[in-house]
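With the sequences and hints as input, model every part of the structure.
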Amino acid sequence: EKEEVRLDFPPSHRRRLYLVLSLPSTFPDFSSVRKSSKLYSENPKFPMSIFEYNGSAVVAMVGKNCFAIASDRRLGVQLQTIATDFQRISKIHDRVFIGLSGLATDVQTLYQRLVFRHKLYQLREERDMKPETFASLVSAILYEKRFGPYLCQPVIAGLGDDNKPFICTMDSIGAKELAKDFVVSGTASESLYGACEAMYKPDMEAEELFETISQALLSSVDRDCLSGWGGHVYIVTPTEIKERILKGRMD
Amino acid sequence: MGDSQYSFSLTTFSPSGKLVQIEHALTAVGSGQTSLGIKASNGVVIATEKKLPSILVDEASVQKIQHLTPNIGTVYSGMGPDFRVLVRKSRKQAEQYLRLYKEPIPVTQLVRETATVMQEFTQSGGVRPFGVSLLVAGYDDKGPQLYQVDPSGSYFSWKASAMGKNVSNAKTFLEKR
Numbered sequence: 001e002k003e004e005v006r007l008d009f010p011p012s013h014r015r016r017l018y019l020v021l022s023l024p025s026t027f028p029d030f031s032s033v034r035k036s037s038k039l040y041s042e043n044p045k046f047p048m049s050i051f052e053y054n055g056s057a058v059v060a061m062v063g064k065n066c067f068a069i070a071s072d073r074r075l076g077v078q079l080q081t082i083a084t085d086f087q088r089i090s091k092i093h094d095r096v097f098i099g100l101s102g103l104a105t106d107v108q109t110l111y112q113r114l115v116f117r118h119k120l121y122q123l124r125e126e127r128d129m130k131p132e133t134f135a136s137l138v139s140a141i142l143y144e145k146r147f148g149p150y151l152c153q154p155v156i157a158g159l160g161d162d163n164k165p166f167i168c169t170m171d172s173i174g175a176k177e178l179a180k181d182f183v184v185s186g187t188a189s190e191s192l193y194g195a196c197e198a199m200y201k202p203d204m205e206a207e208e209l210f211e212t213i214s215q216a217l218l219s220s221v222d223r224d225c226l227s228g229w230g231g232h233v234y235i236v237t238p239t240e241i242k243e244r245i246l247k248g249r250m251d
Numbered sequence: 001m002g003d004s005q006y007s008f009s010l011t012t013f014s015p016s017g018k019l020v021q022i023e024h025a026l027t028a029v030g031s032g033q034t035s036l037g038i039k040a041s042n043g044v045v046i047a048t049e050k051k052l053p054s055i056l057v058d059e060a061s062v063q064k065i066q067h068l069t070p071n072i073g074t075v076y077s078g079m080g081p082d083f084r085v086l087v088r089k090s091r092k093q094a095e096q097y098l099r100l101y102k103e104p105i106p107v108t109q110l111v112r113e114t115a116t117v118m119q120e121f122t123q124s125g126g127v128r129p130f131g132v133s134l135l136v137a138g139y140d141d142k143g144p145q146l147y148q149v150d151p152s153g154s155y156f157s158w159k160a161s162a163m164g165k166n167v168s169n170a171k172t173f174l175e176k177r
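First to last, the sequence lines map onto chains R and H.
Position one of the first sequence corresponds to residue 1 (full-length UniProt numbering), numbered consecutively onward.
Position one of the second sequence corresponds to residue 1 (full-length UniProt numbering), numbered consecutively onward.
Treat the hints as calculated values from the structure; they're not laboratory data.
Among the hints, a few may not be true.
[What the hints assert, rightly or not] With a Cα cut of at most 27 Å, we get these calculated DSSO-like pairs of lysine-lysine:
| id | chain 1 | residue 1 | chain 2 | residue 2 |
| --- | --- | --- | --- | --- |
| 1 | H | K102 | R | K119 |
| 2 | H | K92 | R | K130 |
| 3 | H | K64 | H | K51 |
[What the hints assert, rightly or not] Label pairs and their in silico Cβ distance ranges:
| id | chain 1 | residue 1 | chain 2 | residue 2 | range |
| --- | --- | --- | --- | --- | --- |
| 4 | R | P238 | H | L52 | 54 to 62 Å |
| 5 | H | S124 | R | G148 | 29 to 37 Å |
| 6 | R | F147 | H | S31 | 48 to 56 Å |
| 7 | R | K242 | H | K18 | 57 to 65 Å |
| 8 | R | E190 | H | G143 | 32 to 40 Å |
| 9 | R | D181 | H | Q96 | 30 to 38 Å |
| 10 | H | V62 | R | D203 | 52 to 60 Å |
| 11 | R | Q112 | H | S31 | 47 to 55 Å |
| 12 | R | K119 | H | G143 | 38 to 46 Å |
[What the hints assert, rightly or not] Examples of chain H residues lying across from chain R (beta carbon under 10 Å, computed):
| id | residue |
| --- | --- |
| 13 | Q109 |
| 14 | R112 |
| 15 | E120 |
| 16 | Q145 |
The beta-carbon is built from N, C-alpha and C at its ideal position, and this holds for glycine as well.
Put into structure tokens, the structure is as follows:
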């Protein structure tokens, strides 16, 4: 039978390794690991993964000369929901958006730092940052805190030169992952992968992209108890930005 | 001149509102070998006089025009060793920018940072200004650009410019043509 192991450092979000860390006195042999790790997550005194403290789901998809970025709206403290209108996606400028999943305080602080850096860049260079450049900047800022990281996983989406959409994601220490179709992040990421993989097709127009990303998001957060309470979707084309709120299962 | 009482310390203004050390630095530049640059519609040309002190000097070892990045180069008038130090600092700044943004540094930004370094040396204790003026030539998204950076840290964009000895003759020639 498969043993579940739990790792407490911020790993790449694509593959979550679980490694039970300590307390050799309580676990004399490996077969009890599976039982006890379940016990761990039910025990409120033991910290769950810090990435699951607030709960989040963020996804971005590429369309034809447009992109979509969407997130859930729940802010929780472990099992308690405390807000249903939490803003996880933020605009850096008209053609670059960033969605941050993970610990909510780091989401807000990191966003403030990035806006600060981008504003200075805009003033000095008299131009907006390209999405690829912005992604490199985020990666560098995250790596600066390599040994005491920001506990978030960003999803960056933007329109580059000649309106070519760009999406990428990275883990909490800045390992960039570019994709041509979609990127996901957050506690609902596994369900999101499945839903996006099934529903995505290339070169969708803005309206169809909106339908696809909304359906993928809502069906995935419904499978995750820590994210949900509706959705927040941005569809960005070269001429306009459409922001929509989705109403899903409000739990 | 009455200013000479104030020319000992760099960080002291003279009563006429000048920093005399910088004036002296500009004099050092003015007695250096001529260099000039011209901006064309599809590129920039920079040139300098390479007069070696003796025929025994290995001319290949003397590099008066240097790359700062693959698309930005520079030439100077004034003190060669000061130029080497500035080139080293500028190259480092260009690489730091590239490392952060994964994008080659725009010419304006590199010129601004180099000029900032030169200005720092006019406002710190125990250092003297650089005895060089640089002509920075580069090509980026905004097209070909030519900048001149002075020891004071001020920089200007030029269509054509000259520095060093015989600068007035050179500039008159450039203005006519």
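Hints breached by this structure: 8, 12, 15 and 16
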